[in-house]
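Whole structure, please, built from the sequences with the hints as guidance.
The chain contents come next:
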Amino acid sequence: MAERTFRIWRGDSEGGDFVEYKSEVGEGQVVLDVLHTIQAHQANDLALRWNCKAGKCGSCSMEINGKPKLACMTRMNMYEPGETITCQPLKAFPVVRDLVPDVSWNYKQNKRIAPFKCKPADADGKHRMYQEDIDRVQEFRKCIECFMCQDVCHVLRDRDRKDAFAGPRYMIRVAGLEMNPLDDEDRIPELKHELGVAMCNITRCCTEVCPEHINITDNGIIPMKERVVDRFYDPLLIAFRALTGRRKRTKLRTVESTKE
Amino acid sequence: MDVSELLTIEHDVLVIGAGGAGLRAAIECSSQGLSTGVISKSLLGKAHTVMAEGGMAAALGNADSRDNWKIHFRDTMRGGKFLNAWRMAELHAKQAPARVRELQEWGAVFDRTKDGLINQRNFGGHRYPRLAHVGDRTGLELIRSLQDHGIHQGIDFHMECTALELLKDEEGRIAGVAGYWRDTGRFVLFRVKTVIMATGGGGRCWPVTSNSWEYTGDGLAMAYDAGAELMDIEFTQFHPTGMVWPPSVRGTLVTEGVRGEGGVLLNNKGERFMFNYVPERFASETADTVEEADRWLAGEEGTRRPPELLTRDVVARAIRAEVEAGRGSPKGGVFLDIASRRDAEAIKRKLPSMYHQFRELAEVDITKEPMQVGPTLHYFMGGIRVDHDTQMTAVQGLFACGECAAGLHGANRLGGNSLSDLIVFGQLAGKGAGEYIKALEKAPHVEDDPIKEAFRRATAPLNRETGENPYLIQEELHEIMAQHVGIIREGEEMREGIKKLEEMASKIENVKAIGASQYNPAWHQALSVRSMLLVSQAVAMAGEMREESRGAHTRVDFEGEREEWGKVNIVVRKAADGTMELEKIERPEPAKYLSEIGYADIDDLESGKVGADAPEE
Ligand SMILES: Cc1cc2nc3c(=O)[nH]c(=O)nc-3n(C[C@H](O)[C@H](O)[C@H](O)COP(=O)(O)OP(=O)(O)OC[C@H]3O[C@@H](n4cnc5c(N)ncnc54)[C@H](O)[C@@H]3O)c2cc1C
Ligand code: SF4
Ligand code: SF4
Ligand code: FES
Chain H
1 MAERTFRIWR
11 GDSEGGDFVE
21 YKSEVGEGQV
31 VLDVLHTIQA
41 HQANDLALRW
51 NCKAGKCGSC
61 SMEINGKPKL
71 ACMTRMNMYE
81 PGETITCQPL
91 KAFPVVRDLV
101 PDVSWNYKQN
111 KRIAPFKCKP
121 ADADGKHRMY
131 QEDIDRVQEF
141 RKCIECFMCQ
151 DVCHVLRDRD
161 RKDAFAGPRY
171 MIRVAGLEMN
181 PLDDEDRIPE
191 LKHELGVAMC
201 NITRCCTEVC
211 PEHINITDNG
221 IIPMKERVVD
231 RFYDPLLIAF
241 RALTGRRKRT
251 KLRTVESTKE
Chain W
261 MDVSELLTIE
271 HDVLVIGAGG
281 AGLRAAIECS
291 SQGLSTGVIS
301 KSLLGKAHTV
311 MAEGGMAAAL
321 GNADSRDNWK
331 IHFRDTMRGG
341 KFLNAWRMAE
351 LHAKQAPARV
361 RELQEWGAVF
371 DRTKDGLINQ
381 RNFGGHRYPR
391 LAHVGDRTGL
401 ELIRSLQDHG
411 IHQGIDFHME
421 CTALELLKDE
431 EGRIAGVAGY
441 WRDTGRFVLF
451 RVKTVIMATG
461 GGGRCWPVTS
471 NSWEYTGDGL
481 AMAYDAGAEL
491 MDIEFTQFHP
501 TGMVWPPSVR
511 GTLVTEGVRG
521 EGGVLLNNKG
531 ERFMFNYVPE
541 RFASETADTV
551 EEADRWLAGE
561 EGTRRPPELL
571 TRDVVARAIR
581 AEVEAGRGSP
591 KGGVFLDIAS
601 RRDAEAIKRK
611 LPSMYHQFRE
621 LAEVDITKEP
631 MQVGPTLHYF
641 MGGIRVDHDT
651 QMTAVQGLFA
661 CGECAAGLHG
671 ANRLGGNSLS
681 DLIVFGQLAG
691 KGAGEYIKAL
701 EKAPHVEDDP
711 IKEAFRRATA
721 PLNRETGENP
731 YLIQEELHEI
741 MAQHVGIIRE
751 GEEMREGIKK
761 LEEMASKIEN
771 VKAIGASQYN
781 PAWHQALSVR
791 SMLLVSQAVA
801 MAGEMREESR
811 GAHTRVDFEG
821 EREEWGKVNI
831 VVRKAADGTM
841 ELEKIERPEP
851 AKYLSEIGYA
861 DIDDLESGKV
871 GADAPEE
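Line by line, the protein sequences give chains H and W. Sequential numbering of the first sequence, starting at 1, is according to our numbering. Sequential numbering of the second sequence, starting at 261, is according to our numbering.
Hints in this document: simulated from the structure, not taken from any laboratory. None of the values given here were measured: they were computed from a predicted structure. The C-beta atom is built at its ideal place from N, Cα and C for all residues, glycine as well. Accuracy of the hints is not assured; some may be wrong.
Only pairs whose alpha carbons sit at most 27 Å apart, straight line, appear in this in silico BS3-like list of lysine-lysine [unchecked claim]:
1. W/Lys772 <-> H/Lys119
2. W/Lys844 <-> W/Lys759
3. W/Lys869 <-> W/Lys760
4. H/Lys22 <-> H/Lys67
5. W/Lys760 <-> W/Lys698
6. H/Lys111 <-> H/Lys22
7. H/Lys108 <-> H/Lys162
8. H/Lys126 <-> W/Lys759
9. W/Lys844 <-> W/Lys834
10. H/Lys119 <-> W/Lys354
11. H/Lys192 <-> H/Lys111
12. W/Lys712 <-> W/Lys869
13. H/Lys162 <-> H/Lys111
14. W/Lys869 <-> W/Lys354
15. W/Lys354 <-> H/Lys126
16. H/Lys91 <-> H/Lys108
17. H/Lys126 <-> W/Lys698
18. W/Lys712 <-> H/Lys117
19. H/Lys162 <-> H/Lys91
20. W/Lys691 <-> H/Lys22
21. H/Lys117 <-> W/Lys834
22. H/Lys119 <-> H/Lys22
23. W/Lys702 <-> W/Lys712
24. H/Lys162 <-> H/Lys192
25. H/Lys111 <-> W/Lys760
26. W/Lys712 <-> W/Lys772
27. W/Lys354 <-> W/Lys374
Covered stretches of chain W (in silico footprint by chain H; criterion: 3 or more residues with CB under 8 Å from a CB of chain H, positions within the stretch not fixed) [as the list claims (entries may be wrong)]:
28. 768-779
29. 825-838
To give an idea of the chain W side of the interface with chain H (calculated C-beta under 10 Å), a few residues [said to hold, decoys possible]:
30. Ser295
31. Leu304
32. Thr512
33. Phe542
34. Pro612
This is the structure we're talking about:
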């Protein structure tokens, strides 16, 4: 056990400030444990979200010492013994109270995406797809909706272009649909016209913070950009591909060429 | 308070809970054209279901074509020690495959067999590889598929909204729900014709649990207060493998999938001790040598299953016994070894979140070293008693499904049978609610007084000048449950526990939430400790009453199953004077074909000598 100093942002949409707490930290504890101790003994009404305490639900994301982290997976021994730990809510979203941000905008983006549309089954009534064809899709589906990628994406965070770009979380959600062998929907126009895939300029900040280690940019967004280029012959992106030397991908779906 | 000024929302159906069961029920209601609302304490997609790892059981017959609903049904009954509701176990086994395939049609991407079909894995108590899965994050796949499908079905989702009490009309029918928004603290009145309870279990009453903060048993308490019955509530499942170290993650689940993938349990002498704990009933279907167990794992026909895959109650007790005998691991558990059984790549592919969880939280690389594990409170077999076909409770217009409902699992649940339970009975509850509404002549109406009363009770913890700290109250409750109603139980100990719980009641009446009503966890906690106390009392009292050991309920003073207890379920209800009343109720006779299949010799069942005449629908 050792005493540690925490600076926790307390306040609401009207404003707030950091408040300092000192708390004992036990063996093997994570930041969330200490926040719970502070909550139980010093600040009963400290608002924070958590559910699984095992990195599976994405509820406890916050900014710890300036970086977006899952509080339940951030071990105290990652920090220097004397280091003060600063906790604040995800910055890209409005705050509700203390460490709880209002993430409802994300749910609205999700709803804009056209639902999965299943292809008809094979003659024997079964749907078939092969593991090697879905490995990538499953990578994207690991997303626990912690919204940390949304938090760091500069298009959303600094430029506040929430009107123009649905953000990396939803880019890979669409990518997971687009690459799903059973999905019969054409995703490309939606990606370009509505979700704003072109807004991303591949800084890879999202990929860096993803707790599920999803390769958001290289495996998700770039292939989607390429498919948009293939469809719409966007000269800028063609130039980009020429620059990065990426190969043109063939399309997965025959129906694509008949639509639009 | 003026009721007409309350924020009021009207629906035909309000589903309380946005886990697998609640979402599936809501989708069903909406598909019948009903105005459907869903409320949940946390954000959409964060319910407990998201944490499920290993898979969902359905006799698809993809991984082994010999599998069918009858074998699944028999496994479920045997696992539940024949205390399950026969009809529910039948419905579940028959309908699970269709529900799983439907999920795929809604976008779920399960791991595949070589032929491109939904792959299935082995799990404890299941004769054939039966669990449709996605690595070790099946619950995430389930909830996300339902969520992404559900948001396009015209359902109204009210997130971070807590139900406080159920409201009834003068004839005792469901007419509304009192609730509040967690973020603003604002009260809301739902005027509805039916409520589907899908609130999950109450594992948070124990200190070592795999359950999240949401599992305070609210749904059980609300239903009980409204006049519904709780059944089989003494059966609380201790999962054999929770993390034991570091202390802050004690109880966090280690999926049974580790053993399904070949992992073995070892004591500190390096022995595979499970071979010493094979119960009578399973002896003929369990390997008795390490060699046979390994050959089974390699898929060799005619070999029998390794004892690590026995049902959870058996494995949990064995681990406890090894630790007590001084053969435990340094951190007070036993070893679970997958490192020496599968290569590192396979482990990372099949068990990625376990790999991640141990590396991040315990600094253990499971591809190189064994894990240390011990029992953790995991699941409530018991819950709200429902009609087997419609899922309606004793209260008109109140339905229940998922973990908060009782019946399917009897005295012990098989792994993977919960996720399939959610989608099978979620759908049936939605159907049941629709039929009930169709038969209603006019919408039930709740008067003002009960509404005002409900909100007055809810504000009390905020308005009190001083009172008990709700967090410390929960810790106190934990101590009582751990000490008096644990994995191994004893009559006198439970009676003492019951007394202590009674003494806590007055403290809980006097909890104080510091601060305002806006996103105030102290207030949320103050409101849920009441449910926790009620659920704890029900478990303790029913546990004290059941004088035998069966499934997850183990009594040192009454060892072994007793025939007379196999004929009854215990029901808990609120008596007219407000006290908790317990009753033993006779179990209904099963259909003849069901009892034949349930008790059949496996060879007779598989050869068709038994069960061939059972209806398929
Ligand atoms: C770590 C872990 C792993 C598991 N793995 C498996 C597995 O591999 N296979 C398997 O079959 N089972 C597994 N289980 C069990 C299974 O996940 C659960 O039993 C199941 O998900 C419960 O689903 P549900 O829909 O009944 O409730 P939940 O998913 O728990 O949802 C409950 C909902 O009710 C809401 N709620 C509760 N109280 C209120 C209130 N007062 N007001 C408003 N809303 C409320 C909550 O917010 C939540 O939305 C696992 C469980 C755990 C903990
Ligand atoms: S790579 Fe694109 S989506 Fe990701 S952070 Fe950068 S701009 Fe945003
Ligand atoms: S993609 Fe990764 S960072 Fe983004 S929400 Fe999902 S899990 Fe979080
Ligand atoms: S609490 Fe679920 S990810 Fe942290």
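Here's how the hints hold up against the structure:
no.: 1; hint: W/Lys772 <-> H/Lys119; result: violated, 56 Å
no.: 2; hint: W/Lys844 <-> W/Lys759; result: holds, 22 Å
no.: 3; hint: W/Lys869 <-> W/Lys760; result: violated, 54 Å
no.: 4; hint: H/Lys22 <-> H/Lys67; result: holds, 21 Å
no.: 5; hint: W/Lys760 <-> W/Lys698; result: violated, 47 Å
no.: 6; hint: H/Lys111 <-> H/Lys22; result: violated, 42 Å
no.: 7; hint: H/Lys108 <-> H/Lys162; result: holds, 11 Å
no.: 8; hint: H/Lys126 <-> W/Lys759; result: violated, 57 Å
no.: 9; hint: W/Lys844 <-> W/Lys834; result: holds, 15 Å
no.: 10; hint: H/Lys119 <-> W/Lys354; result: holds, 25 Å
no.: 11; hint: H/Lys192 <-> H/Lys111; result: holds, 17 Å
no.: 12; hint: W/Lys712 <-> W/Lys869; result: violated, 62 Å
no.: 13; hint: H/Lys162 <-> H/Lys111; result: holds, 15 Å
no.: 14; hint: W/Lys869 <-> W/Lys354; result: holds, 20 Å
no.: 15; hint: W/Lys354 <-> H/Lys126; result: holds, 18 Å
no.: 16; hint: H/Lys91 <-> H/Lys108; result: holds, 18 Å
no.: 17; hint: H/Lys126 <-> W/Lys698; result: violated, 35 Å
no.: 18; hint: W/Lys712 <-> H/Lys117; result: violated, 46 Å
no.: 19; hint: H/Lys162 <-> H/Lys91; result: holds, 14 Å
no.: 20; hint: W/Lys691 <-> H/Lys22; result: violated, 54 Å
no.: 21; hint: H/Lys117 <-> W/Lys834; result: violated, 48 Å
no.: 22; hint: H/Lys119 <-> H/Lys22; result: violated, 57 Å
no.: 23; hint: W/Lys702 <-> W/Lys712; result: holds, 24 Å
no.: 24; hint: H/Lys162 <-> H/Lys192; result: holds, 15 Å
no.: 25; hint: H/Lys111 <-> W/Lys760; result: violated, 49 Å
no.: 26; hint: W/Lys712 <-> W/Lys772; result: holds, 20 Å
no.: 27; hint: W/Lys354 <-> W/Lys374; result: holds, 25 Å
no.: 28; hint: 768-779; result: holds (count 6)
no.: 29; hint: 825-838; result: violated (count 0)
no.: 30; hint: Ser295; result: violated, 18 Å
no.: 31; hint: Leu304; result: holds, 7 Å
no.: 32; hint: Thr512; result: holds, 5 Å
no.: 33; hint: Phe542; result: violated, 31 Å
no.: 34; hint: Pro612; result: holds, 8 Å
The structure is inconsistent with the numbered hints 1, 3, 5, 6, 8, 12, 17, 18, 20, 21, 22, 25, 29, 30 and 33, although it conforms to all the rest.
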